[in-house]
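Chains as they are written, first to last, in numbering that gives the first Met the number 0: chain W, 0 to 478; chain V, 0 to 215; chain L, 0 to 169.
One or more hints might be untrue.
Here are the in silico distance ranges between beta carbons for each label pair [to be verified]: (1) L/Lys-133 / W/Thr-201: 54 to 60 angstroms; (2) W/Gln-465 / L/Gly-110: 37 to 43 angstroms; (3) V/Ser-103 / W/Cys-335: 48 to 54 angstroms; (4) W/Gly-420 / V/Gly-28: 46 to 52 angstroms; (5) V/Thr-30 / W/Asn-428: 35 to 41 angstroms; (6) W/Thr-313 / V/Leu-104: 18 to 24 angstroms; (7) W/Cys-335 / V/Leu-104: 26 to 32 angstroms; (8) V/Ala-59 / L/Gly-132: 27 to 33 angstroms.
In case anyone wonders, no lab produced these hints; they're calculated from the structure. Cβ coordinates follow ideal geometry from the N, Cα and C atoms, glycine included.
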Amino acid sequence: MRNKAPLACVALLCAGSAVTANAAATIVIAVADGPNVGFNDPTPVSPVGGNSGRTLGEQRLKVFQEAARIWGQALTSRVPIIVSAGWQAQSCTANSAVLGSAGAVAVFRDFAGAPVRGTWYPVALANALAGVDLMPSLNPANAPDITARFNVNLGKPGCLTGMPFYLGLDSNEGSSAVDLLAVLLHELGHGLGFQTFTNPQTGAPLNNLPSVWDHYLTDASLNRTWAQMTNAQRVASATRTTQLVWGGTQVNDAARSILTAGAPALTVSAPANVVGSYQVGTATFGPALFSPGIANRQIMPVVDQPNGTGLACTALSAANVAAVSGKIALVDKGTCANTVKAANVQAAGAVAMIVVDTLDTLPPATLTGTDASIRIPSVNIALSDGNKLKTALASRTRTSSNVVATVGIDLTRRRGMDTAGRILMYAPNPVQPGSSVSHFDVTATPNLLMEPAINRDLGSSVTLPQDLTYTLLREIGWR
Amino acid sequence: MLLGSAGLRADVVLLSENFDDISTLTGNGWTLSNQSTPAVGVNPGWFQGEPNTFAARSGAANSYISANYLNASVGGNVRNWLILPQLTVGPNTVLTFYTSTDTSLFPGDVLTVQVAAAGSGTYNTLLTIGDPNSAAYPTGWTKYSVNVGGAVPANVDIALVYSVQDTSINGNVIGIDDLSVVNVTSAVPEPGAWLTLSVMLTGVALRKRRQQKEGV
Amino acid sequence: MRKKIVTSVVGIALAAAPFAVAQSKKPAPKKPAAAAPAGKAKSSTSSGMVVVKDPVTGALRAPTAEEYQALTNGGTVSGGTSRTSGPQTAVKGGGAVAEAAVGTQVLHPDGTVSVRLDDSHAVFAVATRTPDGKIVLGEVTGIQAANAAVSKTGKAKTAAKGKADASNEK
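Chain W with its partners taken away, still in its complex shape (with noise of 0.2 angstroms):
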């Protein structure tokens, strides 16, 4: 059994190295950065936000230290985790940069004390399952676990310039700096298990065999987790967005205690063929949403170009104002601002809008705008839903159609969960290797650290109760 102790790692990296001990788990710091490299900067620094490292590098090790022991503290493992952590220059563009990338080093199969057999763990959970270093027969060199690359260019001209990582320990980044701890969590969640490794793009598991992962992922509407699932319907899951959620109680359970009750939706209730609850965009302008919100109205579509379509960039017709007085105005994006269409159809006494996207992503983006005038909720939603909505709408009067729906809160869902109470996990249309299925949903609400974006409100809790990552982690093995 290869020696996980501070004191080999030392010697074997000289370059330095950071160790973070605890009651629950160690995870060591193996710095792989030469001197004056990256950890090993030495850049005089001022101390920033509970951050007192003097040197540049002092303060990247400190960052690093806080999330191990922050992770340290969650997790149980008699197996040291080796993070193997450097800074090197990486992809970068004025506007666009790689910050970094974590990830396990080797997956496992069929250890004693593997859960599920035939099954693919990351190496740091398969050790504590196992409870001895099953790295060894691998590769007798003191190998790391999980491997992290940060870029070290961050915020110089070219890379993303004027955004460097903030380094402070108290989540204050504020609007020019991107928080390391924050993303250095989030990475090293994944690193520990927070992933499959089966290719959502392809529907392809390693190796043929599913990933822990995949016995939770679930697609609620062919009732069946991704283990049971042949490549193809993996594919098609992988973007079916609202229907691919966390099949696990253990998550499902805390999720329902700590996401907020009622999600934004617009709920058609007639005619039957369109009946459901649909995805929305919000609007920055215009009251917010409320339960029940805009109830049991028709929708209305506004139409004003020779295809057929309604922009409502100008003020409606009289036919027009018949056909939207009293209703949900439904008008198609694009030509002039949201606000613009908002106000048309309010004036034509319109009791709420629906913009029909030209995009089908999910979920729809907001309707951005800002208008004081402004009175009646306004929605966005994909454009084939949009397309179902019309086709529906093609039955109606110049005064009244068959499609009622409600604009609102829907009250029996939380945000970011399906009305069966099941956390959505993140399936965007269309598919996004690398944030696709290995997160959850971006409406979850309060944000989530393993949602696919990281989000500048979230504080550095992996744990209950500001926090699900730890909790899914308990559901695939670890303790």
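Place chains V and L on chain W using the hints.
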């Protein structure tokens, strides 16, 4: 009604349709054909009645058949055909149905009853409802009857054609309910009845000729 | 063609610590200052080294100027490092053994099976500044996708747009 004289007749119902479920029509020999121009992407064609528009005359609120101005693209012309199963009609075969529109605010809906020798495709218009030159389309369920027979028994195609000229400004919606085709025969023909019948048939023939000229 | 070269280079590029340099016994080309923290001296030893696998012979060697440029140029790949990089890889017989192990299923005597992963399974955090100045953080799996997300920022923007907007409503 011209065909009164109850007690002396033995009516034979050739066809009776309440439009409870219009998806069964095609299977029963009906033809639904939207020939509007220009065609529209989402084509509602003939559709099941919408309770939010108005309720059916009888049965469930949606148990009528409906068509609207959206059969053609914006500014186009609607020609939406509802053709009954082929029937053998005699000299005294009467088509009866009820129809309605939603509101008088949007005129321009027209419904015609047209008859053609079976398979000929040459239709003669027997009745026009909502003729812009005469009465507006009824805004409540209103009964219409028309004799669709000729002098001698013959196989015919009977069509109800919904039309709108320029949907940008005209037309809205119509519904049709409780349609029947009945062969009215007299068990004991009376001279008076024959007389009435012949007058009616003459009227039909005259109207036929007039509408052929108009080319409706 | 250029992209292909870059890709193959990325897979085996070793940006190693001094320890690794000693192990691999490869010549250490001088890394351009741009890849190292600004104002650092001693770049020949402090900023690690880069070796490439010759596309013809398969042998590890120092990169040509062009290959190095491709590796370090912003927007494509700058000093890209793979999971196989770092001390542990160098320790393993100069890379050959480790290379063979990546992606290959290894059966252990006790019945345990393992697979060593490469960067195609690593999760990369990517940040993109949108035209309105907001910073959108998103993620991709695999270094190729990460590089693509950065060089084609449109993709990164699309990927994270829903999030950026969704966060507004919270």
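Hint check results:
1. About 33 angstroms separates the C-beta atoms of L/Lys-133 and W/Thr-201, a value inconsistent with the hinted range of 54 to 60 angstroms.
2. The given range of 37 to 43 angstroms is respected by W/Gln-465 and L/Gly-110, whose C-beta atoms sit roughly 40 angstroms from each other.
3. Checked against the hint of 48 to 54 angstroms, the pair V/Ser-103 and W/Cys-335 fails, with Cβ atoms roughly 34 angstroms apart.
4. Checking the proposed 46 to 52 angstroms range against W/Gly-420 and V/Gly-28 shows it holds: the Cβ atoms sit about 51 angstroms from each other.
5. The hinted range of 35 to 41 angstroms is satisfied by V/Thr-30 and W/Asn-428, whose Cβ atoms lie roughly 40 angstroms apart.
6. As the Cβ distance of W/Thr-313 to V/Leu-104 is approximately 23 angstroms, the hint placing it in 18 to 24 angstroms holds.
7. A hinted range of 26 to 32 angstroms for the beta carbons of W/Cys-335 and V/Leu-104 is consistent with their spacing of about 29 angstroms.
8. At roughly 58 angstroms, the beta-carbon separation of V/Ala-59 and L/Gly-132 lies outside the given 27 to 33 angstroms, and the hint is violated.
Hints 1, 3 and 8 from the earlier list are contradicted by this structure; the remaining hints agree with it.
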